[in-house]
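Asks: Taken in sequence, the protein lines are chains A and B.
For the first sequence, the residue numbers in the working numbering are 147 to 405.
For the second sequence, the residue numbers in the working numbering are 3 to 258.
It is worth saying that the hints were derived from the structure and are not from the lab.
Every residue gets a Cβ at the ideal spot worked out from N, C-alpha and C, and that includes glycine.
Be careful, since some hints might not be right.
[Said to hold, decoys possible] Calculated lysine to any residue pairs in the SDA-like style (CA-CA distance at most 25 Å, straight line): (1) A:K297 / B:M144; (2) A:K297 / B:M139; (3) A:K297 / B:G65; (4) A:K148 / A:A386; (5) B:K109 / B:L66; (6) B:K135 / A:Y400; (7) B:K135 / A:I320; (8) A:K297 / B:Q87; (9) A:K297 / B:L92; (10) A:K297 / B:S79; (11) A:K187 / A:G381.
[Stated by the list, open to error] Here are the computed distance ranges between Cβ atoms for each label pair: (12) B:E106 / A:T287: 19 to 29 Å; (13) B:Q117 / A:R307: 26 to 36 Å; (14) A:T287 / B:L108: 22 to 32 Å; (15) A:L295 / B:T233: 28 to 38 Å.
[Claimed, not checked] Covered, in the sense of this in silico footprint (three residues per stretch, anywhere, with C-beta under 8 Å from a C-beta of chain B), are these stretches of chain A: (16) 291-305; (17) 387-401.
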Amino acid sequence: MKQILRQGVVPPLLLFLLVLLSWQVSVTVFDVPPYLLPSPKAVLAAATPRSSELFLATAVTGAGALSGFLLSVLVGSLIALVFSQSRVIRSSCYPYAIFLQTVPIVAIAPLIVTWLGTGFRSVVVIACIISLFPVITNVTTGLITIDPLLKDLFQLHRATRAHVVIKLQIPNAIPYLVTGARIASGLAVVGAIVGEFFVGYGAAQHGLGYIILYAGPQLKTDQLFAATIASAFLGVVMFAATTLLGRAVLARWYEAPLN
Amino acid sequence: MASEHELATVLPEHVALESVDVNFGSVTPVLSAIDFAVQAGRFVSLVGPSGCGKTTILRLVAGLLEPAAGRVRIAGSPRIAYVFQEPNLLPWRNVAHNVRLPLELLKVRRPEQEQLTRESLELVGLQRSDWEKYPRMLSGGMKMRVSLARALVTHPDILLLDEPFAALDDMLRQQLNEELLRIWGEQGWTALFVTHNVSEAVFLSEQVVVMRAHPGRIEEVFEIPFAYPRTPELRGEPQFARLAAGISQRLRESAR
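Construct the complete structure from the given sequences, taking the supplied hints into account.
Replies: What follows is the structure, given as structure tokens:
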């Protein structure tokens with residue numbers, strides 16, 4: 147834990163403080179107008195009176211991102227399991243998986259609204275769609291990248307297909323799943339915020355996407371920054387939590403996992 | 003002709019390869035006209051340069067590979083086990099669970115699994131305190147012991163060993179050679195042992211088969227006259243050195 151703090155928390159925290167300091171000094175020295183670039187102090191001043199709103203919005207966005215992320219891990223792993231069963235299935239379906247990565251979410255958001263309506267459910271689906279691809283590709287790789295000698299060992303002992311999947315392919319894919327989930331965790335936050343742009347919850351209960359959407363055109367740049375920093379913080383927390391969980395699972399099996 | 007892992011109880015040999023050809027892709031020959039037999043319970047080593055098809059012979063006997071021509075005859079329906087060059091342990095299973103794996107695949111009943119696993123771990127000299135450890139916590143020698151225990155857990159009739167001790171230092175290799183002979187003496191499986199080390203082959207075997215490459219062929223078969231049990235002192239005897247030198251000389255000639 148000490149090592150994690152020393153290597154993984156303290157250096158980026160110091161860099162963050164250094165950036166804040168440079169930012170504050172630059173804005174003060176060059177007298178930058180606040181609607182272009184507010185100082186950190188101004189961002190803090192804007193965030194403090196609205197801290198409960200910001201906290202609630204972060205929680206709402208976080209819930210959407212987390213749900214979308216978990217859904218993408220589940221659905222992505224199941225799709226990867228199907229892909230791993232045959233080369234024909236992979237070559238037939240993979241182009242459609244790439245579609246998930248390349249399609250502009252703004253293009254399919256109206257469809258999702260039509261099918262599911264506005265609100266939490268649609269945000270979760272959009273977060274899931276955006277974060278699905280890295281899970282599918284990584285888990286598929288883990289399921290099919292098996293040491294040939296281990297395949298021989300299973301074949302020699304007349305292993306059934308179910309044995310190969312359960313005792314070899316799935317455990318072999320876990321480090322790959324962790325890698326895919328780490329990428330997906332950050333993307334899920336992006337997905338939830340983009341989702342809130344298009345299919346958000348309305349003014350009564352809103353997430354960070356709503357604040358970003360309305361603060362920008364009104365030149366409330368300080369609020370925009372506060373929401374942006376909160377969403378970045380959310381992304382870091384999701385990524386760090388996924389990494390720590392992955393490390394806890396893999397530490398027993400592998401030397402220095404996820405360094 | 004297709005490979006046949008058929009019942010051949012009338013044969014005195016446990017394993018026989020008859021005019022076996024194996025090709026890499028559709029044309030490049032790996033093995034050519036291999037005729038070779040091993041009698042039940044014998045310890046036979048294969049030596050030869052890289053690429054001469056030693057591992058391919060083991061894979062043929064294991065039924066993991068089909069010959070392009072000729073046939074592989076295995077007497078009876080033996081249990082075959084394989085020790086690979088690398089320990090190839092599953093990193094997500096502890097020592098005991100790695101050893102138990104073949105029994106799970108063969109759907110052996112759970113209480114029997116426990117007992118056979120325990121016996122096999124004890125046989126290869128793994129301490130009880132190591133049984134719960136994961137492979138990443140083990141030394142190279144211990145990993146190889148686990149790999150050997152995993153192969154022995156099914157009580158095989160034929161044990162195929164593909165340079166199992168190649169990555170170990172000489173002291174450990176010699177120690178494991180002696181332990182392997184002890185276990186073979188107790189259990190009496192038929193052993194096919196692949197190695198690059200002539201001294202190791204002579205120490206372990208009743209017969210050393212020298213191969214040549216491009217394509218893989220059997221060059222000569224040496225009978226090893228030393229009685230079992232063999233002790234470490236055997237390695238220092240002049241006759242051992244002469245025999246090893248003769249086999250090495252044959253290997254060099256075949257490599258020209």
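Asks: Are the Cα atoms of A:K187 and A:G381 separated by 25 Å or less?
Replies: Satisfied, since the Cα-Cα distance of roughly 23 Å is no more than 25 Å.
Asks: Given as covered by chain B, does the segment 387-401 of chain A meet the bar of three residues or more with CB within less than 8 Å?
Replies: holds (count 4)
Asks: 19 to 29 Å was suggested as the range; check whether the CB atoms of B:E106 and A:T287 agree with it.
Replies: holds (26 Å)
Asks: Measure nothing beyond the straight line between the CA atoms of A:K297 and B:Q87; if it is 25 Å or shorter, mark the hint as holding.
Replies: holds (15 Å)
Asks: Going straight from one Cα to the other, do A:K148 and A:A386 come out at no more than 25 Å?
Replies: holds (15 Å)
Asks: Decide if the proposed pair is consistent with the structure: B:K109 and B:L66, CA atoms, cutoff 25 Å inclusive.
Replies: holds (20 Å)
Asks: Range first: 22 to 32 Å. Now tell me if the beta carbons of A:T287 and B:L108 are that far apart.
Replies: Once the Cβ atoms are compared, 30 Å apart, the range 22 to 32 Å for B:L108 and A:T287 holds.
Asks: Between A:K297 and B:G65, does the CA-CA distance stay at or below 25 Å?
Replies: Satisfied, since the Cα-Cα distance of roughly 13 Å is no more than 25 Å.
Asks: Take the C-alpha atoms of B:K135 and A:I320, compute the straight-line distance between them, and say whether it is at most 25 Å.
Replies: holds (20 Å)
Asks: Taking only the CA atoms, is the gap from B:K135 to A:Y400 under or equal to 25 Å?
Replies: holds (12 Å)
Asks: Using the Cβ atoms, figure out if A:L295 sits within 28 to 38 Å of B:T233.
Replies: holds (33 Å)
Asks: Between the segment 291-305 of chain A and chain B, are there enough contacts, at least three residues with CB-CB distance under 8 Å, for the coverage claim to hold?
Replies: holds (count 11)
Against the hints set out earlier in the document, no violation occurs for any number.
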